[in-house]
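2 protein chains.
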Amino acid sequence: MCIIKLVMPKISQKGQHMPSSPIRKLVPFAEAAEKRGTTVFYLNIGQPDIKTPQLALDAVRIHSLETIAYTRSEGSEDYRKKIANYYEKNDIHVNHNDIIVTTGGSEALLFAFGTVMDEGDEIIIPEPFYANYNGFSTASGVKVVPVISKIEDNFALPPIQEFENLITSKTRAILICNPGNPTGYLYSEAEIKTLAEIVKKHDLFLIADEVYREFVYDDVKHFSVLQVTGLEEHAIVIDSVSKRYSMCGARIGYLVSKNKSFISTALKFAQARLSPPTLAQIASEAALETPQSYFDEVKAEYMQRRNTLMKELETIPGVKVAKPNGAFYCIVELPVKNADDFAQWLLEKFEFNNQTVMVAPAAGFYSTPGVGLNQIRIAYVLHEQSLITAVNILKEALKVYKD
Amino acid sequence: MCIIKLVMPKISQKGQHMPSSPIRKLVPFAEAAEKRGTTVFYLNIGQPDIKTPQLALDAVRIHSLETIAYTRSEGSEDYRKKIANYYEKNDIHVNHNDIIVTTGGSEALLFAFGTVMDEGDEIIIPEPFYANYNGFSTASGVKVVPVISKIEDNFALPPIQEFENLITSKTRAILICNPGNPTGYLYSEAEIKTLAEIVKKHDLFLIADEVYREFVYDDVKHFSVLQVTGLEEHAIVIDSVSKRYSMCGARIGYLVSKNKSFISTALKFAQARLSPPTLAQIASEAALETPQSYFDEVKAEYMQRRNTLMKELETIPGVKVAKPNGAFYCIVELPVKNADDFAQWLLEKFEFNNQTVMVAPAAGFYSTPGVGLNQIRIAYVLHEQSLITAVNILKEALKVYKD
Chain A
57 MCIIKLVMPK
67 ISQKGQHMPS
77 SPIRKLVPFA
87 EAAEKRGTTV
97 FYLNIGQPDI
107 KTPQLALDAV
117 RIHSLETIAY
127 TRSEGSEDYR
137 KKIANYYEKN
147 DIHVNHNDII
157 VTTGGSEALL
167 FAFGTVMDEG
177 DEIIIPEPFY
187 ANYNGFSTAS
197 GVKVVPVISK
207 IEDNFALPPI
217 QEFENLITSK
227 TRAILICNPG
237 NPTGYLYSEA
247 EIKTLAEIVK
257 KHDLFLIADE
267 VYREFVYDDV
277 KHFSVLQVTG
287 LEEHAIVIDS
297 VSKRYSMCGA
307 RIGYLVSKNK
317 SFISTALKFA
327 QARLSPPTLA
337 QIASEAALET
347 PQSYFDEVKA
357 EYMQRRNTLM
367 KELETIPGVK
377 VAKPNGAFYC
387 IVELPVKNAD
397 DFAQWLLEKF
407 EFNNQTVMVA
417 PAAGFYSTPG
427 VGLNQIRIAY
437 VLHEQSLITA
447 VNILKEALKV
457 YKD
Chain B
57 MCIIKLVMPK
67 ISQKGQHMPS
77 SPIRKLVPFA
87 EAAEKRGTTV
97 FYLNIGQPDI
107 KTPQLALDAV
117 RIHSLETIAY
127 TRSEGSEDYR
137 KKIANYYEKN
147 DIHVNHNDII
157 VTTGGSEALL
167 FAFGTVMDEG
177 DEIIIPEPFY
187 ANYNGFSTAS
197 GVKVVPVISK
207 IEDNFALPPI
217 QEFENLITSK
227 TRAILICNPG
237 NPTGYLYSEA
247 EIKTLAEIVK
257 KHDLFLIADE
267 VYREFVYDDV
277 KHFSVLQVTG
287 LEEHAIVIDS
297 VSKRYSMCGA
307 RIGYLVSKNK
317 SFISTALKFA
327 QARLSPPTLA
337 QIASEAALET
347 PQSYFDEVKA
357 EYMQRRNTLM
367 KELETIPGVK
377 VAKPNGAFYC
387 IVELPVKNAD
397 DFAQWLLEKF
407 EFNNQTVMVA
417 PAAGFYSTPG
427 VGLNQIRIAY
437 VLHEQSLITA
447 VNILKEALKV
457 YKD
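If you read the protein sequences in the order shown, they are chains A and B.
Taking the numbering used here, the leading residue of the first sequence gets 57, the next gets one more, and so forth.
Taking the numbering used here, the leading residue of the second sequence gets 57, the next gets one more, and so forth.
To be clear, the hints were calculated from the coordinates, so they are not data collected in a lab.
In this text, all values refer to a predicted model and were calculated from it rather than measured experimentally.
Heads up, a few of these hints could be off.
Listed next, the in silico DMTMM-like pairs over lysine to aspartate or glutamate satisfying Cα-Cα at most 20 angstroms (straight line) [to be verified]: (1) K405/A <-> E368/A; (2) K355/A <-> E122/B; (3) K66/B <-> D259/A; (4) K66/B <-> E289/A; (5) K91/A <-> E133/B; (6) K379/A <-> E440/A; (7) K277/B <-> E247/B; (8) K393/B <-> E404/B; (9) K138/B <-> E270/B; (10) K66/A <-> E133/B; (11) K355/B <-> E122/A; (12) K107/A <-> E270/B; (13) K249/A <-> E220/A; (14) K91/B <-> E389/B; (15) K257/B <-> E220/B; (16) K66/A <-> E253/B.
Work out the full structure, taking the sequences as your base and the hints as a guide.
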């Protein structure tokens with residue numbers, strides 16, 4: 057008998073624990089459906105079909121670079137001054153030195169996590185939440201402590217006591233997404249101020265992912281954590297041009313805080329990776345000149361889509377939906393046991409007039425096991441008529457689906 | 057007496073330990089010198105003055121995007137196939153599925169570190185090394201264990217026994233930069249094979265930062281870790297378009313490995329951040345068509361600069377320099393006690409014909425305290441005539457400088 061030594065270096069524990077995309081495993085089924093000739097309506101994706109403002113596209117076309125060089129690690133002073141000016145117009149008073157330009161909101165999150173948390177530290181996040189918060193937490197060795205918000209309450213913040221029950225000596229921050237992906241929930245000024253009181257009382261950071269700030273409906277106003285007086289040392293904003301100007305692929309975001317120690321520390325993370333992407337900064341700087349009419353049109357379009365989606369979903373028996381006030385997502389509860397199985401079945405076994413839909417099972421947006429199993433996230437990034445068709449397919453599917 | 061509670065949330069230990077850029081503290085002195093009207097020759101920077109290939113610049117100018125959308129997290133299949141083809145031409149046999157497109161070599165390093173190491177794990181790196189390896193290690197909670205290579209040996213790898221003496225149960229990888237920043241050292245095929253034996257014996261990964269692969273002089277051939285037979289499960293290459301096509305600001309790099317577990321795990325880190333920058337991928341994909349004549353010219357230019365720099369440096373009494381065979385840096389030992397003080401003095405107190413130079417003190421490229429204190433790194437990214445002038449300034453400065 058001989059013993060063969062398996063020479064194979066080890067993958068890290070962290071790497072093994074990194075979550076897979078909750079949608080990824082469905083992609084082969086969608087591809088197979090398309091190969092069979094079935095039209096798939098994609099209700100699962102966060103990539104808007106809205107066009108990027110022409111002036112941003114043009115700025116890249118007319119670039120005069122001879123060398124695509126590094127920019128400053130924090131982004132150019134000119135660009136950051138313009139960003140500060142954007143915030144000023146939105147009643148948020150920050151200086152360009154309070155801003156670090158990042159490679160998307162993703163990198164802003166990564167820098168924020170690294171700057172405020174060590175291995176084993178805890179961050180409280182109302183769930184359901186943006187699935188990649190799990191990924192950044194795992195990559196940073198940080199533990200997500202979820203506080204459950206419920207579809208019955210339209211995903212409003214749970215009572216203050218529920219947060220305080222979760223705070224331990226390891227807690228370093230509370231993270232919210234406002235308006236929320238995947239819920240579309242918009243936190244009220246009162247809710248933000250409640251959170252402000254909690255973080256001040258317990259010396260925590262309040263990290264607000266406000267990338268959907270412009271997508272707020274029904275004449276409600278967005279209230280930023282940067283607008284709370286006295287919260288200067290605690291408030292951190294994650295921002296991005298991705299959805300605002302429909303340029304997700306640019307990969308430009310910002311980290312904003314008036315806490316000097318926070319910014320100077322985050323800058324060290326930024327320096328290690330040298331520079332945010334130069335071409336994308338050219339497009340993004342130009343995008344800041346986008347006229348209000350662009351946002352008005354986009355907002356009107358999304359509001360119309362949302363209203364249509366809500367109306368259509370209400371016609372399906374047994375379906376529960378939390379009406380979103382912002383962003384372009386909503387969580388829908390279905391009369392099924394397991395939305396994961398249902399989503400796969402839709403792509404693998406079902407068709408209606410040779411069409412089907414792809415949805416995102418919502419369990420991936422929760423970190424509490426077993427919660428949200430019968431929920432899906434719908435992104436209303438399709439044209440109104442396609443949404444109507446897609447929801448009708450869902451309705452027909454639910455008529456015949458057996459758990 | 058009253059006790060005031062200082063309400064201030066805490067910065068992480070990791071954030072506090074993140075190294076600052078070794079050059080950054082000199083920047084204000086350089087700015088002040090320029091304000092006084094002194095011309096500063098920048099020998100400290102890794103931003104080449106070489107032009108980006110025209111076809112890469114043009115590809116962006118003629119883009120036909122209406123929406124700057126996400127690409128796949130690993131980069132488009134088309135682009136990765138072209139990258140695989142680039143490697144094939146360089147006698148490196150990889151498939152497009154062995155490649156993940158990253159946001160610069162920086163992100164490739166971050167994903168590699170996260171995929172193979174947990175908090176407290178160790179990575180052995182021959183020093184002096186690229187200063188930001190310290191940053192990525194700190195950000196990843198990983199301990200750098202340096203193995204010293206010496207200017208006397210032209211920075212050749214130390215004997216195999218010195219590596220083995222450093223390997224512990226926590227060691228997960230050896231990282232090399234080939235050709236090296238800041239040494240310009242090119243590892244021989246024999247040295248790479250020695251490293252291969254060590255990592256196979258101890259089940260470690262061999263991570264090779266090969267971003268300077270094209271910058272190899274004197275008709276010596278670059279030998280990649282991906283060319284070692286039997287090292288498939290251990291070899292990881294970090295690559296980047298930054299220097300190759302003089303497009304540092306694009307922020308496009310690659311992670312390459314034939315280890316399937318490694319790639320599928322690194323992909324989860326890539327998915328969490330969604331997509332590498334789209335516009336930069338357009339430029340980078342086009343750059344792959346750059347004709348050989350571009351590289352021949354660039355290489356001839358750098359070789360000429362290197363030769364001139366070496367010749368000029370030899371005329372300074374007490375200066376020791378390791379002749380680089382690749383990249384565009386060299387380490388220079390000066391007859392001073394502390395190169396950090398000297399670099400500041402050059403900018404603050406010295407001028408010759410109203411000119412001075414900025415150099416990078418080399419201590420930041422070592423992790424062993426107290427080593428390299430009398431060394432600087434020179435990047436020969438200036439035109440030949442400027443290099444001659446700059447070295448002459450250095451010579452004049454050393455005549456009058458008193459420690």
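Structure-based check of each hint:
1. In summary, the hint linking K405/A to E368/A is not supported, as the alpha carbons are separated by about 23 angstroms, beyond the 20 angstroms threshold.
2. For the given pair, K355/A sits about 19 angstroms from E122/B by alpha-carbon distance, which is consistent with the 20 angstroms threshold.
3. Distance hint between K66/B and D259/A is fulfilled; the C-alpha atoms sit about 8 angstroms from each other, no more than 20 angstroms.
4. Between K66/B and E289/A the CA atoms are separated by roughly 10 angstroms; this keeps the pair inside 20 angstroms, and the hint holds.
5. For the suggested pair K91/A and E133/B, the alpha carbons sit about 18 angstroms apart, so the restraint of at most 20 angstroms is met.
6. For the hint linking K379/A to E440/A, the alpha-carbon distance of about 17 angstroms falls within 20 angstroms, and the restraint holds.
7. With a CA separation close to 13 angstroms, the supplied pair K277/B and E247/B stays within the 20 angstroms bound.
8. With a C-alpha separation of about 18 angstroms, the suggested pair K393/B and E404/B falls inside the 20 angstroms cut-off, and the hint holds.
9. Note on K138/B and E270/B: the hinted pairing holds, with a Cα-Cα distance of about 17 angstroms set against a maximum of 20 angstroms.
10. Taking the CA atoms of K66/A and E133/B, the gap is near 28 angstroms; set against the 20 angstroms cutoff, the hint is violated.
11. A C-alpha spacing of about 19 angstroms is found between K355/B and E122/A, which places the hinted pair at or below 20 angstroms, so the restraint holds.
12. A distance of roughly 39 angstroms separates the Cα atoms of K107/A and E270/B; the hinted pair therefore is violated under the 20 angstroms criterion.
13. The hinted pair formed by K249/A and E220/A meets the criterion: a straight-line CA distance of about 15 angstroms does not exceed 20 angstroms.
14. Restraint check for K91/B and E389/B: the C-alpha separation of about 30 angstroms exceeds 20 angstroms, so the hint is violated.
15. Restraint check for K257/B and E220/B: satisfied, since their Cα atoms lie roughly 10 angstroms apart, inside the 20 angstroms limit.
16. A threshold of 20 angstroms between alpha carbons decides the hint, and for K66/A with E253/B the separation of about 17 angstroms falls inside it, so the pair holds.
Violated hints, in rising order: 1, 10, 12 and 14; the structure is consistent with all others.
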